[in-house]
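Trainee: Sequence:
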Amino acid sequence: MSMKLTERVKAPTPKFFRKVRAIGLTLAAVGGAIIAARVALPAVLVHVASYAALAGSVATALSQTAVKGDH
Numbered sequence: 001m002s003m004k005l006t007e008r009v010k011a012p013t014p015k016f017f018r019k020v021r022a023i024g025l026t027l028a029a030v031g032g033a034i035i036a037a038r039v040a041l042p043a044v045l046v047h048v049a050s051y052a053a054l055a056g057s058v059a060t061a062l063s064q065t066a067v068k069g070d071h
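Counting from 1, position 29 in the sequence shown corresponds to residue 29 in our numbering; the numbering is continuous, with no gaps.
Honestly, I wouldn't trust all of these hints.
Using 20 Å as the maximum straight-line C-alpha spacing, the simulated SDA-like pairs for lysine to any residue come out as follows [said to hold, decoys possible]: (1) K19 x V58; (2) K19 x L45; (3) K15 x A49; (4) K4 x A61; (5) K10 x V20; (6) K19 x V9; (7) K15 x S63; (8) K10 x L54; (9) K68 x T26; (10) K68 x A33; (11) K19 x H47; (12) K15 x A43; (13) K68 x A29.
Label pairs and their computed distance ranges (CB to CB) [said to hold, decoys possible]: (14) S2 x I23: 36 to 42 Å; (15) A22 x S2: 26 to 32 Å; (16) S2 x Q64: 14 to 20 Å.
Bear in mind the hints are in silico, worked out from the structure with no lab data behind them. Ideal Cβ placement from N, Cα and C applies to all residues, glycine included.
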């Protein structure tokens with residue numbers, strides 16, 4: 001059965017992927033906060049924060065489309 005994207009997003013998410021989504025949201029938020037900080041931070045920290053924000057965003061998006069199977 002082929003599902004549309006809107007159906008996948010609205011379908012129940014498995015427990016494991018709910019945890020991945022929460023971790024991804026946290027990574028994205030922390031990374032975004034470090035990037036947007038008004039204090040001078042080392043360039044390496046800002047660089048790592050940008051990767052963390054990207055990884056968190058991708059993990060959140062992918063985990064949101066995971067659905068429980070009919071197994």
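Trainee: Against the structure shown, which of the earlier numbered hints fail to hold, in ascending order?
Mentor: Per hint list: 2, 3, 8, 9, 10, 11, 12, 13, 14 violated.
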